[in-house]
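There are 2 protein chains.
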Amino acid sequence: MAQRIHRFAPGNAEGGADQKALLGGKGANLAEMANLGVHVPPGFTITTEVCGQYNAAGGRLPDELEGDIRASLRWLEQQTGKRFGDPANPLLISVRSGARASMPGMMDTILNLGLNDEVAAGLTRKTNNERFVFDAYRRLLAMFGSVVLQIKSHEFDAAMTRARRAHAKERGLAVTEDVEELARLVPDTALSAALLRGVVDDYQRILGEQAGGFPSDPMAQLLGAVEAVFRSWNNDRAVLYRRMHQIPSEWGTAVNVQAMVFGNLGETSATGVAFTRDPSTGERRFFGEWLPNAQGEDVVAGIRTPRPLAKTATSAGQSLEESMPTVYAELFEQQAKLEAHFRDMQDLEFTVEEGKLFLLQTRNGKRSARAEVKIAVDLVGEGRISRDEALLRVDADRLEQLMFPSVDAKAAPPAVAHGLPASPGAVTGHAVFSADEAEARAERGEDVILVRVETSPEDLHGMKAARGVLTARGGATSHAAVVARGMGRACVVGCSSITIDYELQIMTARQPSGENVMIRLGELMTIDGSSGAVYLGSVPKVEPRLGGELEELMRWADATRRMRVRTNADTPEQAKKAHQLGAEGIGLCRTEHMFFDEERIPVMREMILAKDAPARRLALQKLLPFQTGDFTALFREMRGLPVTIRLLDPPLHEFLPQDPEQLEQMAQLMGVTVPEVTRKVADLHEFNPMLGHRGVRLAVTYPEISDMQVRAILTAACVVQKEGGGVLPEIMIPLALSKRELELMREVVDRVSQEVFAEQGVTVKFKFGTMIELPRAALLAGEIAETAEFFSFGTNDLTQTALGLSRDDAGRFLPEYVTRGIFPTDPFVSLDQRGAGELVRIACERGRAQRPELSLGICGEHGGDPKSIGFFEQVGLAYVSCSPFRVPIARLAAAQATLHARGERGSSTV
Amino acid sequence: MAQRIHRFAPGNAEGGADQKALLGGKGANLAEMANLGVHVPPGFTITTEVCGQYNAAGGRLPDELEGDIRASLRWLEQQTGKRFGDPANPLLISVRSGARASMPGMMDTILNLGLNDEVAAGLTRKTNNERFVFDAYRRLLAMFGSVVLQIKSHEFDAAMTRARRAHAKERGLAVTEDVEELARLVPDTALSAALLRGVVDDYQRILGEQAGGFPSDPMAQLLGAVEAVFRSWNNDRAVLYRRMHQIPSEWGTAVNVQAMVFGNLGETSATGVAFTRDPSTGERRFFGEWLPNAQGEDVVAGIRTPRPLAKTATSAGQSLEESMPTVYAELFEQQAKLEAHFRDMQDLEFTVEEGKLFLLQTRNGKRSARAEVKIAVDLVGEGRISRDEALLRVDADRLEQLMFPSVDAKAAPPAVAHGLPASPGAVTGHAVFSADEAEARAERGEDVILVRVETSPEDLHGMKAARGVLTARGGATSHAAVVARGMGRACVVGCSSITIDYELQIMTARQPSGENVMIRLGELMTIDGSSGAVYLGSVPKVEPRLGGELEELMRWADATRRMRVRTNADTPEQAKKAHQLGAEGIGLCRTEHMFFDEERIPVMREMILAKDAPARRLALQKLLPFQTGDFTALFREMRGLPVTIRLLDPPLHEFLPQDPEQLEQMAQLMGVTVPEVTRKVADLHEFNPMLGHRGVRLAVTYPEISDMQVRAILTAACVVQKEGGGVLPEIMIPLALSKRELELMREVVDRVSQEVFAEQGVTVKFKFGTMIELPRAALLAGEIAETAEFFSFGTNDLTQTALGLSRDDAGRFLPEYVTRGIFPTDPFVSLDQRGAGELVRIACERGRAQRPELSLGICGEHGGDPKSIGFFEQVGLAYVSCSPFRVPIARLAAAQATLHARGERGSSTV
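Sequences listed follow chains E and S, in order.
Taking the numbering used here, the leading residue of the first sequence gets 1, the next gets one more, and so forth.
Taking the numbering used here, the leading residue of the second sequence gets 1, the next gets one more, and so forth.
If we strip away everything but chain E, and leave its shape as in the complex, we get (with noise of 0.2 Å):
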């Protein structure tokens, strides 16, 4: 029979940190602890597999362990000096669970069990300190009540507030009828011993209605709370919490007993949070708070002002170290023994008794960006860590935060409205609602936030000159929210909340209060693109600061990857900014942001509004230097680096205007009627524009479009070569299904760059190859990779057709569909693993078979995203491509999915 029940007492623990799956996590760590001689309150873990048996035998606890808990709690009381149930020298308890994996408030935890009215009577005379006591044991019927008896809370909430309003009368308060203000105004800590002791009665008198009573046996107490615990892993939360996070519910949760101890018992008692370094900055220095005679809630509730831990200049007597030197000293060695045992920052809970220190608890204190990032890189250069695990140590997502600035969150006010946070950075400008109106002002030197429901291609110009970009549509692949990270524009998108006039110019933002705030034209706002945030004015921010450290972790991680990290750009300013970051070439040039420049967009649309093919290729004609000149500076920026070039891929009405002025214009410009414009553009409307005809479809249909981009890059090539400058150029055919629609388009590439090399008398190497973005596509990956040379895996578009999501709509469902539990995050954020991912496999590995040298990148907005960029090494990709400031991330991802891959091969990477 294995053993039920593991024991833990400073320097002496059954257990330990590497048995989490018997003992629970929080049991495991308490061995852990204890095994170090850290002062934990002695206890003991019934283990998980007792909660199997439990829950094998239909819900009974086995007969043996009551047994077991009893000879367990003898030796808890040799531990302690007290007895459980002894009115004298009364032992009381904690029973929490534990289960493997963490699942914060999902389970039950019952305090201070081995109270009853004898015990509190006696403990009361022990103390001297009534109002402690019944405090406890009010609490105790409370939990007691609600976990094991499953009484419902209200219950309880209702003798408070008695209790109470008791209070208010004695002291000549108003009373007033709103519960909630009521207690702000009489908290539990005004409450007297009388009127505590009244509520506890009160609770009797439930329990005895409702449940039969309270056990005032305290062993009757203790068996009914670990069978509660038992119970509550199969309560709905925990069921819910575990399917989202795939926990098995084979696991179970273990139980903890522990023996209780006060940092409210007098002068000599105090309570308080430390961590080994400074969370904020990362710098190595020991730093916390603490109270005298309090409990561990009162340092956080805000009623008292903490005291530092540490005399300084300005502690004036108050710091832990002048108060209780011995008891300084010795958490000071405790947390450095803590620190280098868990080899990382810890954040500990102590509470004093009776001058005697406890430590309640230890783990990994959360930090800020900043701060993860020192902390990693100088627990490598104390010899703490490896460089490896120190590149594990950082959420690569966070490195955002220091690369922008953010919104001062205590600083801050309110915010008006929240979206979703689409591109980083917080900007303050005057509020503009179109894209003109934003260039215009940029040009006078304003500061501006473009405001807009949506936007389309005809915005880019307003969206380069904003400081920032909110939409009340979108999600995080939407247009904006792409568009905006390739410019490095702050951006928030989806907030559904506002609504935008832009006949008066006015943007109303809904309040949960019924309020409605407006923002007119011109005044200022700011938006927090990586909290997506939006507030009214002008708000406080926090520049990035941002040590040598990040630079050195970099570095590892280049090192270290196995994947290369390309960058998403359109333009040369947006390359060189990917370069600096780190881009090893472009992965993705969108062709179609280069014909929206004002000088370009007519001639586009008169190629647009063409009769046929001769009059289309005039047009063209006039774009052909244009684009030469659009890939000779991106050649040059590049310097050798591969530059991956996306034929035009939108369908063609998105180059046009919808507003009749506009149409009026475009008419005379082209010397044609309003009506033919007009219905022009409607011929061209599509009621699903994303399964429209765009794409290779548009090459197909319109050859004479593909036969001009390709004779731009390959005559760039050329000039760029000649120049002695190193050029890759890859022509990628975009939302291709078929191996046939490439056969067409190589006959075209093969035409065209037979002529460009005659004439310019040089020939450069290129390579041809495809978007992956369709599901048949990825099916039918085999034969396509016949003509294909590389595969580039568009994620967005495939998400949205594997799916059978728009990412511009899905805004209105998609949060139901996460809280729900369809999906475990925004599949636009995160590749949906099983769906698209399971097509990104499959191409992979149809490609590869078919051709073994088939370079498989991807340029989907899950190129910048970690736990996808995880994914794509599991598949092998040979890189990711990214929008230019989520490089860095990229590159620390990549370099964590090395390590990963490394470590499920079985190769040690400390």
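Some clues are possibly wrong.
For identical chains, the list gives no copy identity; a pair is met inside one copy or between any two copies.
Unchecked claim - Heads up, simulated EDC-like pairs for lysine to aspartate or glutamate below, C-alpha to C-alpha not over 20 Å straight-line: (1) Lys82 / Glu227; (2) Lys680 / Asp501; (3) Lys680 / Glu503; (4) Lys680 / Glu454; (5) Lys611 / Glu515; (6) Lys611 / Glu816; (7) Lys867 / Glu250; (8) Lys765 / Glu743; (9) Lys576 / Glu333; (10) Lys366 / Asp278; (11) Lys767 / Asp826.
Simulated from the structure, these hints should not be mistaken for laboratory data.
Based on the hints, put chain S in the right spot on chain E.
Relative to chain E, chain S alone:
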């Protein structure tokens, strides 16, 4: 060494019909006919293997081939009693390609080989018919010049034009500059021997100038022609054709060398065509036409009126039976022999050369749909073929023609426009441009055709009222097409050459000539939904005539097929019609169509505009009795057959009006402001509604809608069961992409079913399942089957998502995609088996692995397409569901699929 050449002569051939791989289709059939003793002109076939050798050698004939050809020529001279190249008694021969699979017009033919100046002179002396000889000679020169020497044919055309001009001048006709007009005025047959001799001289000169001259050596002519045929296997047309029809290029072509026979050598010569049965009615009578002293092309050219073969009351001595009784008797005997041998109605070509009958060709004759059914059933009655063969002989798609009237192509004026045939039947009515107008006129008893750019659910009442529907946009599965098929209304969609002006109420059809044809409101027009043609005014129609043969065939089909056939029906009328046509249940009832009724749509809109769930529930409460009534009627109609009901699928904005007038009406009715309504409509706008907030996503966010629908379904089921009728409801969840969505829906269904069964006092068995219409759902079918008891493949949406192709928008490029060989056919008509189909296959496998008893069916439009039905048999679906009027087609196609599957498993079908 394999035999390079196989000879054939009546009663004796080296080969037969089973040697198509080696001899090509034509060669094998000639051998087969010869072996039967049929009088074919003798000849020999150079095998496809030689073509392989020719290609393998980089386009060089094997050295031994010339010797083999010479030997076979000697044999052919013996057979015919003529000599190749002998001016006194010349043998003329033809050289024709003939591959294993028919590739009509793809490769080349050369006739009259063996002529040169001397032979022509000799033959003139022999036949005393200079015109005949020089007509043959100039044809040889033109064919040889273009096929063997690859001279552009316009060179020869110019020479002919000169001869025509000369003729016109000779006759004093007005000489037109228009070449085509001239060719109509002066046909080839009008040219005199002298003019033709001039043409021959001209041709000789062209050949001399462009290609070193025409080889006067007949053997050189023959070798050149043989090589040209082999070469033509790889011409562009042939390569494209092979790619489109998946014909391996390794097959190669054979070359058939055959003695020429001439029906134009005088009054004892003749030519004609014959059918062994009436190709129009299927009646068993020998039937055909002939002309004395004529060539094959004269019979079809229509310049001379052909005469009947058999003697009739009105034949007036003109029949072959009267003119050449011996030849007729021989022909009659041979046709009977051929039909008996090939066990199908034959279409023969024959030539009589100086009293001697030659059969040039026999093939299975083309026939009307009606004849196809009758002949197949008659042949079974005559003991010629088995029932299984009869089932396989009928093209299931053509059955449609037997159920609807069609335009009488012979009597009708030219069409003014052509669209896609979307729902069969030819109907005439007054043109209307709005659903309301359609309804108003229909109520007055007028027949109307509803003409729209496209239709939406708002047009339903107009479509119901109309006899036919014409749209300018959309494809085979557009809203108009799907709904019209369901309702049994004739429908033509995607008629892109028309433009519609709703304001002026005029439709304009652009003509190829550049002219426009207008059809105004109320003017009569005709559409033929079987051909896609649109006519001005009323045109003559052919009513379907149907004997008992179709019923007989259907009985055999039902006894043979494995798959069940259900129907897609939303109303009791549709269900009734489908039931009559043999449907065995409802595979898809689209509940959304029930909400567009005049009484209901305001309530539906009230529900959509509701501010919160309670308000929504109030509106739903009003819809409940309507839905319950709908389902009760449906269950009663289907009497215990399965009825699959899909919960609400389309995005809610489809139920809201768009135009200002209707918005105002709605606001009034709802008692809210117009801006409020407008904002709600704008709020619900989606960029890609196909990928938007619809299907189960609506049910997840508004579970109260599902609650109402499930309540209505189960209440109706209880009511009908209590009446003593059988009920088999299947509740179907649309657009699921995860198991979790189904779990959430299952909770609603379980709760509601308990409530309803308690209320009704009975329990009804029902099934719970889902549509599989998203790639992700197909990939995760295994776990989805844990919750779903059945899958119904929604292949319309699966095609849209797997291929990234909007059915409503694809019209702009889909035709080009088919022409360019990217798709073999429109993937919305015939399932894309390699893309969407692969997902169906995966889902079937994974679903069945999880739940072996899983019921699998399909309810997309492909359920009525014979080719797709063959695929569904392969993957083992239990049933297909299609529009009511395609049920007979599906029954036959399912039987054919069963037979094919049996054949593939190796068991005999005869």
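- Of the hints stated earlier, which fail here? Hints 1, 7, 9, 11 not satisfied by this model.
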